[in-house]
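For the record, in the sequence shown the residue sitting at position 90 is 90 according to UniProt numbering, with numbers rising by one throughout.
All the given hints hold, so there is nothing to weed out.
Here are the computed lysine to aspartate or glutamate pairs in the DMTMM-like style, where the Cα-Cα straight-line distance is at most 20 Å: (1) K100 with E42; (2) K103 with D87; (3) K57 with E42; (4) K100 with D87; (5) K17 with E56; (6) K100 with D37.
Since the hints were made in silico from the structure, they are not lab data.
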Amino acid sequence: MSVTGHIVCNGAICQCKNGFTPDTLKVISTPNEYVNDPDGTEKLIASTMDLGIPLEKGTFGQCKLQPTSGGYLPCVPSITAWQDFYDKVTLSNEGQVLVKDSKGICAIAGTPCVEFIMHGQQPSVSATEVQQANETMQSQLNPLVDPKKTEDIDPFECIQLI
1 MSVTGHIVCN GAICQCKNGF TPDTLKVIST PNEYVNDPDG TEKLIASTMD LGIPLEKGTF
61 GQCKLQPTSG GYLPCVPSIT AWQDFYDKVT LSNEGQVLVK DSKGICAIAG TPCVEFIMHG
121 QQPSVSATEV QQANETMQSQ LNPLVDPKKT EDIDPFECIQ LI
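All chains, full assembly: derive it from the sequences and hints.
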């Protein structure tokens, strides 16, 4: 099944339905394939090969599936597989691309319980995009900037003026 949506990358925020706290995805399987990262330094593409504990903290807090007399045991996730991924592309690690709607199957739950809250991509504006923007629309969205003079303006300066 092919699923579409935002590509998930390093830094995505995920959570388990059976845990109490979210964690940040740490892509461990893709050595050199990036999304929306012109420098190729931060946004590695997440894939179906990111298994085990691909998380910065390595936990979702406590696990609701492991109750004890004093609460719950600590969550030690073990993602065994991913479902609802984009299967039209195979990365160099032989994995398929994870998207915002992908779900991880945890060994403890045995079901797809790990979901993405945020895909990890950060929107940014390039100088080319500012120059190609519709002048009328830009003047309505950002009346403090003269769209005719955007060639000399740093795109981040436009955002800061709002």
